[in-house]
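Participant: Going down the list, the sequences are from chains F and Y.
In terms of our numbering, the first sequence has 94 at position 94, counting the first letter as 1, and numbering is strictly consecutive.
In our numbering, each residue carries its 1-based index in the second sequence increased by 1000.
The set of hints was computed from the structure by calculation and includes no laboratory data.
All of these numbers come straight from a predicted model, not from anything done at the bench.
Treat the hints with care, since some could be wrong.
Simulated crosslink set (BS3-like; lysine-lysine; CA at most 30 Å straight-line) [claimed, not checked]: (1) LYS99/F - LYS1008/Y; (2) LYS180/F - LYS1003/Y; (3) LYS1181/Y - LYS1003/Y.
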Amino acid sequence: MHSIPGRRLIMALFLIFLLLPIYWLVNMSFKTNAEIVSTMTLWPHTPTLQHYKRIFTDESWYSGYINSLEYVVLNTIISISVALPAAYAFSRYRFLGDKHLFFWLLSNRMAPAAVYALPFFNLYSAIGLFDTPWAVALAHCIFNVPLAVWILEGFVSGVPREIDETAFLDGYSFPRFFIKILVPLIASGIGVAAFFCFMFSWVELLLARTLTSVQAKPIAAIMTRTVSAAGMDWGLLAAAGVLTIIPGALVIWFVRNYIARGFALGRV
Amino acid sequence: MDKTVNQKAWFLVLPVFLVVAFSAVIPLMTVVNYSMQDTFGNNQFFWNGVGWFKELLDPSTDLGGRFLASLGRNLLFSAIILAIEVPLGIVVALSMPREGWSVAACLVILALPLLIPWNVVGTIWQIFGRPDIGLLGYVLNHLGFDYNYVSNDVDAWVTVIVMDVWHWTSLVALLCYAGLKSIPDAYYQAAQIDGASRWAVFKAIQLPKMNRVLLIAVLLRFMDSFMIYTEPFVVTGGGPGNSTTFVSIELVKIALGQFDLGKAAALSLVYNLIILIVCWVFYTVMTNAGTDRPAKEGVA
């Protein structure tokens, strides 16, 4: 009863539509540049690993991945740890200006990164964090913290308040209750929120590129180098692209059962 | 849920408040400051009052013309992708398999485009659409279409729109799927007993249940398409000419390209204001839609 006629066909077509461009990228990453430019081949006829090899042996390439992962992980940790108590507060209590604060947070999730690029550049240069993973991690908080609060609030609201009250009656102090009881109860919610922080920090480029120059340059920015090189190193570009898809794909696999609910921001 | 009034809750919110204030309020102050001034380099600034804002909203000036044109293009773009992605997302959500391993497989593949860095999304389509080395461009040209997104306005638009549909329809589909999953089987059984048609089930059961998530989907898609930057920038660079220059691209051009801080700041503020208003409308609608439901369903 859920479904519609021809659903298998629709789904299959849509999945093919999603996978085809990705397949093309993977396909190109295994071709030699000569093959890419000279002929149109649906699969690599002379498969090569040279592009991957170059990325894994050239420090200026693989350090980009490390830089990216560094600020993404930092950002996820900061976002989740500040968002948890706030999510609890929004879910359980009414306080002065709560609705306004919630809206203000939401509006920051929607703020265009382009508006903040220049002021962030000034701000982080002034406090000496420019070109460090911290600058990007903090900058990404502007959209990830509100998002994490939003998702976690949904999950905390799913926990019956009787549990809080029982715990307090049993003599749990607030911090102990929080860590021993609440956090395990919403573990899946924390996983989902962490997934989203990871995701949005991982895919963002404008701020990450503006706030770094050499030391903390993200992989996504390093990729643009192939464009200016003599001609266009398509194979290398494709291989670098494929490698940026892998962390995301791995993370999705872990949260696959919660993904739908997570995208509804814990509010279904 | 009845919440207790407790002002101490502010202590729990304080870390979030500080972090977001640090990364939102301070930069915004800088923007406000710049928007009132003019600079001739050398860090010398001159008071310009509301001059930039006047220029911005007057289409006869260079700045105003560029801003309003990019705003128009951006609104058109948002309208088109919403018109495609929302119905398509609903159809895909309704087409999800019911159980078994294929559910997980479909979910993972659906989510895949969402996890790809935005410039890589651009790169994928840049390669995919090229007439010489890309499958799409190659096939289209061999079918007799003169497709080239670098030189033709319409082709550039089509590419950017198809790319966005590819990138974000999954989000709408996943949201709708989450909404559909929350419908108890009893509803469907009741509909079956009543002999309701497929369309009636959709209209009377599924659509109302998806209302809330659809609202979130429309909000997120509108906002994200309204501030789209990286993907079209990588694919078309805003061209050919200015045909795919959206507001964010125009803003970055002015701010980081020309270092016209005053103009860029004024544009930023107006841009932010539009977003804030739209956001507020959605928020009001959303919270009102939430109050007429008894309690939140589903537990973590």
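Participant: Could you run down the list of hints and mark each one as holding or not?
Facilitator: Hint by hint, here is what the structure shows:
1. LYS99/F - LYS1008/Y: Status holds; Cα separation ~16 Å.
2. LYS180/F - LYS1003/Y: Holds - the C-alpha atoms of LYS1003/Y and LYS180/F are around 23 Å apart, at most 30 Å.
3. LYS1181/Y - LYS1003/Y: The given pair, whose Cα atoms are some 28 Å apart, holds under the 30 Å limit.
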